[in-house]
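A.B. asks: Letter by letter, the chains look like this.
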Amino acid sequence: MIDFIPTGVARILIYGFGNPSRKDDALGVLFSEELEQWASDKSYKSLSFDANYQLAPEDAAVISDYDIVFFADASQEDIHDFSVERVMEHQKAEFSLHYFTPGNLAALCQELFHPCPEMYEVHIKGYEWQLEEGMTKKARNNLGLAVDFMKTQLKSLLAKDHTVSKNFIA
Amino acid sequence: MTKKITIEPVTRVEGHGKVTIHLDEEGNIVQSRLHIVEFRGFERFVQGRPYWEVPVLVQRLCGICPVSHLLAAAKAMDVIVGVDPEDLSPTAEKMRRLMHYGQFFQSHALHFFHLASPDLLFGIDAPVEKRNIIGVAREHKDLAVQGVMMRKFGQEIIRLTAGKKIHGTGAIPGGINKNLSPEERDFLLKGKNPLNADKMISWALDAVNLFKFYHASHRDFIDKFAAFPSNHLSLVRKDGALDIYHGVLRSIDQDGNKILHDVDYSDYLDYIGEEVKSWSYTKFPFLRHLGKENGWYRVGPLARLNTCDFIPTPLAQKEWEEFKAYTKGKPNNMTMHTHWARLIETLHAAEVIKDLLIDPDLQGEELIRKGDKKFEGVGVIEAPRGTLFHHYKINDDDLVSMANLIVSTTHNNEPMNRSVRLVAEEKLAGQKMITEGMLNAIEVAIRAYDPCLSCATHAMGQMPLEVSLYNNENELIDRFYSYRRG
Numbered sequence: 002m003i004d005f006i007p008t009g010v011a012r013i014l015i016y017g018f019g020n021p022s023r024k025d026d027a028l029g030v031l032f033s034e035e036l037e038q039w040a041s042d043k044s045y046k047s048l049s050f051d052a053n054y055q056l057a058p059e060d061a062a063v064i065s066d067y068d069i070v071f072f073a074d075a076s077q078e079d080i081h082d083f084s085v086e087r088v089m090e091h092q093k094a095e096f097s098l099h100y101f102t103p104g105n106l107a108a109l110c111q112e113l114f115h116p117c118p119e120m121y122e123v124h125i126k127g128y129e130w131q132l133e134e135g136m137t138k139k140a141r142n143n144l145g146l147a148v149d150f151m152k153t154q155l156k157s158l159l160a161k162d163h164t165v166s167k168n169f170i171a
Numbered sequence: 006m007t008k009k010i011t012i013e014p015v016t017r018v019e020g021h022g023k024v025t026i027h028l029d030e031e032g033n034i035v036q037s038r039l040h041i042v043e044f045r046g047f048e049r050f051v052q053g054r055p056y057w058e059v060p061v062l063v064q065r066l067c068g069i070c071p072v073s074h075l076l077a078a079a080k081a082m083d084v085i086v087g088v089d090p091e092d093l094s095p096t097a098e099k100m101r102r103l104m105h106y107g108q109f110f111q112s113h114a115l116h117f118f119h120l121a122s123p124d125l126l127f128g129i130d131a132p133v134e135k136r137n138i139i140g141v142a143r144e145h146k147d148l149a150v151q152g153v154m155m156r157k158f159g160q161e162i163i164r165l166t167a168g169k170k171i172h173g174t175g176a177i178p179g180g181i182n183k184n185l186s187p188e189e190r191d192f193l194l195k196g197k198n199p200l201n202a203d204k205m206i207s208w209a210l211d212a213v214n215l216f217k218f219y220h221a222s223h224r225d226f227i228d229k230f231a232a233f234p235s236n237h238l239s240l241v242r243k244d245g246a247l248d249i250y251h252g253v254l255r256s257i258d259q260d261g262n263k264i265l266h267d268v269d270y271s272d273y274l275d276y277i278g279e280e281v282k283s284w285s286y287t288k289f290p291f292l293r294h295l296g297k298e299n300g301w302y303r304v305g306p307l308a309r310l311n312t313c314d315f316i317p318t319p320l321a322q323k324e325w326e327e328f329k330a331y332t333k334g335k336p337n338n339m340t341m342h343t344h345w346a347r348l349i350e351t352l353h354a355a356e357v358i359k360d361l362l363i364d365p366d367l368q369g370e371e372l373i374r375k376g377d378k379k380f381e382g383v384g385v386i387e388a389p390r391g392t393l394f395h396h397y398k399i400n401d402d403d404l405v406s407m408a409n410l411i412v413s414t415t416h417n418n419e420p421m422n423r424s425v426r427l428v429a430e431e432k433l434a435g436q437k438m439i440t441e442g443m444l445n446a447i448e449v450a451i452r453a454y455d456p457c458l459s460c461a462t463h464a465m466g467q468m469p470l471e472v473s474l475y476n477n478e479n480e481l482i483d484r485f486y487s488y489r490r491g
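Residue numbers (our numbering), protein chains in the order written: chain E, 2 to 171; chain X, 6 to 491.
Just so you know, the hints here were simulated from the structure itself, not pulled from any lab data. It is possible that part of the hints are untrue.
Below, a list of computed lysine-lysine pairs in the DSS-like style, where the Cα atoms sit at most 30 Å apart [what the hints assert, rightly or not]:
(1) X/Lys183 x X/Lys170
(2) X/Lys375 x E/Lys156
(3) X/Lys197 x E/Lys46
(4) X/Lys169 x E/Lys152
(5) E/Lys46 x X/Lys183
(6) X/Lys217 x X/Lys263
(7) X/Lys169 x E/Lys156
(8) X/Lys329 x X/Lys217
(9) X/Lys183 x X/Lys398
(10) X/Lys169 x E/Lys46
(11) X/Lys229 x X/Lys243
(12) X/Lys170 x E/Lys46
(13) X/Lys169 x X/Lys335
(14) E/Lys46 x X/Lys195
(15) E/Lys43 x X/Lys170
(16) E/Lys46 x X/Lys157
(17) X/Lys135 x X/Lys243
(18) E/Lys43 x X/Lys169
(19) X/Lys243 x E/Lys152
(20) X/Lys288 x X/Lys23
(21) X/Lys169 x E/Lys138
(22) E/Lys138 x X/Lys170
(23) X/Lys170 x E/Lys139
Residues from chain E that face chain X, not an exhaustive set, calculated with beta carbons under 7 Å [as the list claims (entries may be wrong)]:
(24) Asn20
(25) Ser22
(26) Ala52
(27) Asn53
(28) Pro58
(29) Ala61
(30) Ala62
(31) Ala108
(32) Leu109
(33) Glu112
(34) Leu113
(35) Glu129
(36) Leu159
Residues of chain E clear of chain X, computed beta-carbon distances all greater than 12 Å [to be verified]:
(37) Phe18
(38) Lys43
(39) Asp82
(40) Asn142
Beta carbons are placed, not taken as given, at the ideal position from N, Cα and C, and that holds for glycine.
With these hints in hand, go ahead and build the complete structure from the sequences.
C.D. replies: Here it is, written out as structure tokens:
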């Protein structure tokens with residue numbers, strides 16, 4: 002887990018991705034949507050939100066307009082409920098680049114539009130992926146925990162005139 | 006010793022593809038197959054849902070080309086609400102076309118700049134660390150920026166016509182739900198450089214010229230790599246023009262003879278069959294009257310430029326004439342020329358986008374029409390990767406009772422398998438060691454078709470690779486990973 006230390010003004014993007022029709026793969030998109038609703042209710046206008054089925058190269062241009070980007074995605078990795086990690090540049094080729102990872106975007110953004118924003122990825126544990134609407138109960142619980150965590154962090158970051166840090170400590 | 010080489014992706018959800026190549030003791034190719042593990046759950050997923058929900062639901066099928074599925078489903082639902090696809094309001098048809106050509110533009114740009122250009126710029130034997138979009142960005146920054154911005158322009162068109170990235174609602178049964186405001190039009194037409202229609206046309210033309218420049222110095226590779234004769238199938242406009250939104254079905258053979266004569270796509274089941282093979286979950290479509298052995302065909306950019314009689318925009322028409330002249334007017338069966346065809350289509354899409362943007366019908370107020378309800382509808386569209394069929398039946402309660410989809414990658418199943426076989430024989434036969442470059446050659450052949458395993462498998466798509474090498478006793482003796490999602 003990471004701690005956030007607010008020290009200056011920043012533009013923040015929260016970007017969830019995944020397929021809402023594949024059970025727990027909806028976690029990333031719902032993470033973004035729930036926080037967007039919360040930000041709207043709280044009038045936190047300095048936060049921006051985006052969501053898509055998957056990341057694509059043009060997102061390198063999108064994220065270059067921000068100082069800090071939080072990606073959110075469902076995870077099948079061995080984590081308990083959710084985790085947050087700093088995105089490291091990932092330059093390895095894939096057979097197909099139809100699908101981009103946050104690390105791919107970081108590398109592409111750095112090459113084309115540097116300076117690259119500070120990027121983090123919120124991994125939310127999912128369990129089922131079949132073509133069916135509605136998440137599992139455990140995944141929904143994990144989503145709640147991740148959203149609550151991010152609300153706390155963002156409130157802290159936005160405490161001073163709705164401004165946030167550019168220097169998170171992982 | 007017989008060796009079995011497996012090129013297999015690792016996916017998080019069901020649905021993936023892999024290549025298996027069997028070598029005998031001398032290293033000769035005994036068998037090669039592209040397996041796509043197809044998941045047919047989507048047809049079941051839409052059954053029981055109200056028909057008007059389907060155009061939105063089907064977008065969830067694929068994060069790569071949701072607009073194609075949206076429009077194919079919307080065309081099928083037009084029929085169900087009693088509106089002939091040729092009798093939409095001018096505003097509705099042109100808004101849909103703008104959405105579709107915008108998607109075409111961004112999809113083709115993605116393929117060329119981000120998927121194909123690393124192979125062309127660095128060579129298929131280049132180190133894998135270099136042969137990717139990051140490598141292109143590092144050594145050809147202007148080209149990479151063009152690719153990103155062309156994608157972004159296309160995505161902006163989709164946003165302004167479909168409504169939003171996820172679950173766009175721009176196309177609905179019988180029409181559309183929004184027109185294009187003058188402000189939105191001007192944003193696309195006169196947007197800040199480079200995001201405007203004129204710059205996109207200019208960049209698309211540059212991309213065609215880039216390919217031709219490369220071709221001039223690599224003729225042997227581009228002309229011969231994985232080349233083989235085939236039939237070709239696509240929609241064409243009734244007058245024979247290239248048309249990716251609507252038309253009739255035409256197929257030609259390797260010599261250019263028409264073998265499907267501009268037929269109504271609603272009758273596709275009369276003309277197209279799907280063979281099931283025991284070793285693949287993906288079906289193998291074929292023209293019924295030619296049979297399984299001879300009736301298979303290609304779809305996609307190469308097929309479209311072979312089947313059409315002309316391209317109805319001036320710059321793309323000029324390029325098409327050069328493309329046709331290269332094969333003296335005969336069908337082009339050179340697999341790597343698919344890249345050339347794709348770039349000519351990209352140019353055409355940019356020209357059409359500009360033409361549409363200056364058409365005042367986009368600001369029209371008649372968005373939707375209705376007629377007498379029917380209980381069955383077929384919608385066909387040319388997706389970036391090829392012809393896409395959506396077929397639905399509904400019951401008395403307006404709920405979907407049957408759905409059948411044939412996606413582009415499924416049509417190209419047999420051609421992709423043939424390409425793999427050809428490359429395997431050329432690059433792997435007689436070899437005692439498998440190199441990264443050899444395996445990439447297989448991928449290059451498949452990549453020419455821009456397959457969307459998301460669609461073919463009906464899963465959200467990733468196509469990373471795991472390469473495994475087995476001996477005749479099925480013991481794993483080596484394995485390569487090209488990517489694993491964390």
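A.B. asks: Does each hint hold? Answer for all of them.
C.D. replies: Each hint, compared with the structure:
1. X/Lys183 x X/Lys170: Distance of about 15 Å is within 30 Å: holds.
2. X/Lys375 x E/Lys156: Violated. Lysine 375 of chain X to lysine 156 of chain E sits at ~50 Å, over the 30 Å cutoff.
3. X/Lys197 x E/Lys46: holds (25 Å)
4. X/Lys169 x E/Lys152: holds (25 Å)
5. E/Lys46 x X/Lys183: holds (27 Å)
6. X/Lys217 x X/Lys263: Answer holds: lysine 217 of chain X to lysine 263 of chain X is near 29 Å, not above 30 Å.
7. X/Lys169 x E/Lys156: Measuring from Cα to Cα gives roughly 28 Å; hence the hint holds.
8. X/Lys329 x X/Lys217: holds (14 Å)
9. X/Lys183 x X/Lys398: Given pair lysine 183 of chain X, lysine 398 of chain X holds - Cα atoms ~27 Å apart, limit 30 Å.
10. X/Lys169 x E/Lys46: holds (20 Å)
11. X/Lys229 x X/Lys243: violated (33 Å)
12. X/Lys170 x E/Lys46: holds (21 Å)
13. X/Lys169 x X/Lys335: Outside the cut-off at roughly 42 Å; violated.
14. E/Lys46 x X/Lys195: holds (29 Å)
15. E/Lys43 x X/Lys170: holds (25 Å)
16. E/Lys46 x X/Lys157: At roughly 24 Å apart (the allowed maximum being 30 Å), lysine 157 of chain X and lysine 46 of chain E satisfy the hint.
17. X/Lys135 x X/Lys243: violated (46 Å)
18. E/Lys43 x X/Lys169: OK: lysine 43 of chain E and lysine 169 of chain X at ~24 Å, within 30 Å.
19. X/Lys243 x E/Lys152: The hint is violated at about 57 Å.
20. X/Lys288 x X/Lys23: holds (15 Å)
21. X/Lys169 x E/Lys138: Roughly 28 Å separates the two Cα atoms, so the pair holds.
22. E/Lys138 x X/Lys170: Roughly 27 Å separates the two Cα atoms, so the pair holds.
23. X/Lys170 x E/Lys139: holds (27 Å)
24. Asn20: holds (5 Å)
25. Ser22: Since chain X brings a Cβ to about 4 Å from serine 22 of chain E, closer than 7 Å, the hint holds.
26. Ala52: holds (6 Å)
27. Asn53: holds (5 Å)
28. Pro58: holds (5 Å)
29. Ala61: With Cβ-Cβ at 6 Å, under 7 Å, it holds.
30. Ala62: OK, holds: alanine 62 of chain E within 7 Å of chain X, min 5 Å.
31. Ala108: OK, holds: alanine 108 of chain E within 7 Å of chain X, min 5 Å.
32. Leu109: holds (6 Å)
33. Glu112: holds (4 Å)
34. Leu113: It holds, given that the least Cβ distance between leucine 113 of chain E and chain X is near 5 Å, below 7 Å.
35. Glu129: violated (10 Å)
36. Leu159: Not OK, violated: leucine 159 of chain E not within 7 Å of chain X, min 26 Å.
37. Phe18: With a cut-off of 12 Å, phenylalanine 18 of chain E comes too close to chain X, as the shortest Cβ separation is near 8 Å.
38. Lys43: holds (23 Å)
39. Asp82: holds (17 Å)
40. Asn142: holds (21 Å)
Violation of the numbered hints given earlier is confined to hints 2, 11, 13, 17, 19, 35, 36, 37; the remaining hints are satisfied by the structure.
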